[in-house]
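A.B. asks: Residues 430 to 812 in my numbering are what the sequence shown lists, from first letter to last.
Hints listed in this document are in silico derivations from the structure and should not be mistaken for laboratory results. In this text the structure is predicted, and so the values were computed from the model without any measurement. Cβ coordinates follow ideal geometry from the N, Cα and C atoms, glycine included. Honestly, I wouldn't trust all of these hints.
[Unchecked claim] The calculated DMTMM-like cross-link candidates involving lysine to aspartate or glutamate, where the alpha carbons are at most 25 Å apart (straight line), are:
no.	residue 1	residue 2
1	Lys686	Asp761
2	Lys633	Glu570
3	Lys686	Glu589
4	Lys804	Glu570
5	Lys768	Glu589
6	Lys607	Asp761
7	Lys804	Asp519
8	Lys633	Asp588
9	Lys686	Glu570
10	Lys768	Asp499
11	Lys633	Asp496
12	Lys633	Asp606
13	Lys799	Asp519
14	Lys799	Asp588
15	Lys768	Asp606
16	Lys607	Glu589
17	Lys768	Asp803
[What the hints assert, rightly or not] Taking CB as the label site, the calculated pair distances span:
no.	residue 1	residue 2	range
18	Asn647	Val498	54 to 60 Å
19	Trp667	Asp803	31 to 37 Å
20	Val498	Gln533	25 to 31 Å
21	Phe601	Ser504	32 to 38 Å
22	Lys768	Gly531	33 to 39 Å
23	Pro766	Gly537	47 to 53 Å
24	Arg691	Trp653	28 to 34 Å
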Amino acid sequence: MRIRKKEKANVEIPPTEGSIPDRGKSKPSDGNPLGRIKPRNAIYPAVIGLAVIVFLFMRDFDSRVFDDVDFTVGSVFWLLLAVVFMCGRDLGYMARLRTLSGGQLSWGQCFRVIMLWEFTSAVTPSAVGGTSVAILYIHKEGISVGRSSAMVMLTSFLDELYFIVVFPLLIFYFGIDKLFFSNPGEDLLTTGIMAFAVTAYSLKLIYLLILSYGLFFNPRGLKWLLMRIFKLGVLRRWYRAVNIVGTDIVNSSNEIKGQGVRFWGSVLMSTFLSWTSRYLVANALVMAFFSLSGHLLMYARQVVMWIVMLILPTPGGGSGFAEYLFTNYCSDLIAVPVKLQLSAAALIAFLWRGVTYYPYLIIGAVMLPKWISDKFGKGRKRS
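Turn these sequences into a full structure, and let the hints guide you.
C.D. replies: Below you can see the structure in the form of structure tokens.
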């Protein structure tokens with residue numbers, strides 16, 4: 430993603446250590462660095478996800494599952510609760526962003542940034558995500574580039590910390606067999622899930638330890654070490670990107686110096702609210718039509734799924750893979766006859782992605798063109 434060093438923006442960016450350098454040439458007509466992120470990109474992950482759902486329905490669906498559906502007033506309650514959990518997810522993100530900005534961003538600005546950020550994540554592979562342009566989204570709301578990069582870096586730190594703490598606790602509580610091996614006939618799938626989860630967790634742990642050292646102990650020393658390492662051989666191709674990462678770590682370390690218990694309590698609570706709300710949506714959807722044999726285990730399985738999906742190559746949290754994993758990995762927790770569990774899980778997977786994923790594609794596709802026009806258009810105001 431290209432972010433210009435010199436732009437006709439309403440905020441002048443001096444070429445200091447906190448600025449984002451030019452990453453290459455662009456077409457003269459390209460008035461913004463979001464040229465590759467377009468509303469029409471939402472079509473591809475949507476098609477992939479829906480294609481997998483159709484495949485699952487054709488392979489596993491048994492219409493007799495509707496005999497076990499009991500739509501009552503309670504169903505309406507659980508569906509509304511699923512929406513509340515989704516709002517809790519976004520509210521947690523917004524509260525954290527507002528705290529990290531020191532109150533400089535309004536709630537409306539935080540909402541706009543989060544929606545654009547989620548849309549970018551939804552149309553790019555999970556390993557790439559929306560963080561590469563999140564700095565730009567925040568900066569264009571009036572935050573300096575250095576502080577924007579610090580906010581994104583701290584957001585990454587907090588998200589990784591959630592997984593690093595929660596994942597081993599879930600393994601300790603449930604045990605490996607109960608957490609990973611859901612169905613005897615799916616040992617190959619669940620063994621693969623376990624291998625991916627452990628690998629992804631190990632990478633996250635290494636990343637968090639390095640980042641923690643840089644943020645809290647020796648940011649300039651870490652940047653110097655990274656620059657030295659990435660001057661060597663084939664690693665040199667990532668030298669400029671690592672320079673930016675090092676600068677972000679230094680900026681982030683400066684931002685958190687002197688922050689007290691209130692700051693850390695706020696950002697940790699909002700992070701917990703956001704991620705936990707995200708994982709409770711599926712529980713509410715299942716309860717709207719069926720029942721669950723284990724609420725906490727469903728939550729735990731989704732944590733595992735999310736860790737796996739973060740390293741999958743398809744856009745939007747592993748679009749296609751997410752639906753398949755949910756159907757085959759969580760079906761045994763839905764309290765219907767065994768022969769109908771895959772059908773019930775496929776139905777819930779469709780609703781789950783419909784609530785947690787597709788709304789961001791629609792909202793982002795609507796908001797992004799206007800946002801680009803406002804922030805990069807010829808008629809924008811100078812401040």
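A.B. asks: Indicate, hint by hint, whether the structure satisfies it.
C.D. replies: A quick look at each hint next to the structure:
{"no.": "1", "hint": "Lys686 to Asp761", "result": "violated (47 Å)"}
{"no.": "2", "hint": "Lys633 to Glu570", "result": "violated (30 Å)"}
{"no.": "3", "hint": "Lys686 to Glu589", "result": "holds (20 Å)"}
{"no.": "4", "hint": "Lys804 to Glu570", "result": "holds (9 Å)"}
{"no.": "5", "hint": "Lys768 to Glu589", "result": "violated (38 Å)"}
{"no.": "6", "hint": "Lys607 to Asp761", "result": "holds (11 Å)"}
{"no.": "7", "hint": "Lys804 to Asp519", "result": "holds (23 Å)"}
{"no.": "8", "hint": "Lys633 to Asp588", "result": "holds (10 Å)"}
{"no.": "9", "hint": "Lys686 to Glu570", "result": "holds (24 Å)"}
{"no.": "10", "hint": "Lys768 to Asp499", "result": "holds (18 Å)"}
{"no.": "11", "hint": "Lys633 to Asp496", "result": "violated (44 Å)"}
{"no.": "12", "hint": "Lys633 to Asp606", "result": "holds (23 Å)"}
{"no.": "13", "hint": "Lys799 to Asp519", "result": "holds (21 Å)"}
{"no.": "14", "hint": "Lys799 to Asp588", "result": "violated (29 Å)"}
{"no.": "15", "hint": "Lys768 to Asp606", "result": "holds (22 Å)"}
{"no.": "16", "hint": "Lys607 to Glu589", "result": "holds (24 Å)"}
{"no.": "17", "hint": "Lys768 to Asp803", "result": "violated (54 Å)"}
{"no.": "18", "hint": "Asn647 to Val498: 54 to 60 Å", "result": "holds (58 Å)"}
{"no.": "19", "hint": "Trp667 to Asp803: 31 to 37 Å", "result": "holds (33 Å)"}
{"no.": "20", "hint": "Val498 to Gln533: 25 to 31 Å", "result": "violated (48 Å)"}
{"no.": "21", "hint": "Phe601 to Ser504: 32 to 38 Å", "result": "holds (35 Å)"}
{"no.": "22", "hint": "Lys768 to Gly531: 33 to 39 Å", "result": "violated (56 Å)"}
{"no.": "23", "hint": "Pro766 to Gly537: 47 to 53 Å", "result": "holds (49 Å)"}
{"no.": "24", "hint": "Arg691 to Trp653: 28 to 34 Å", "result": "holds (33 Å)"}
Consistency with the previously given hints fails for numbers 1, 2, 5, 11, 14, 17, 20 and 22, ordered from lowest to highest.
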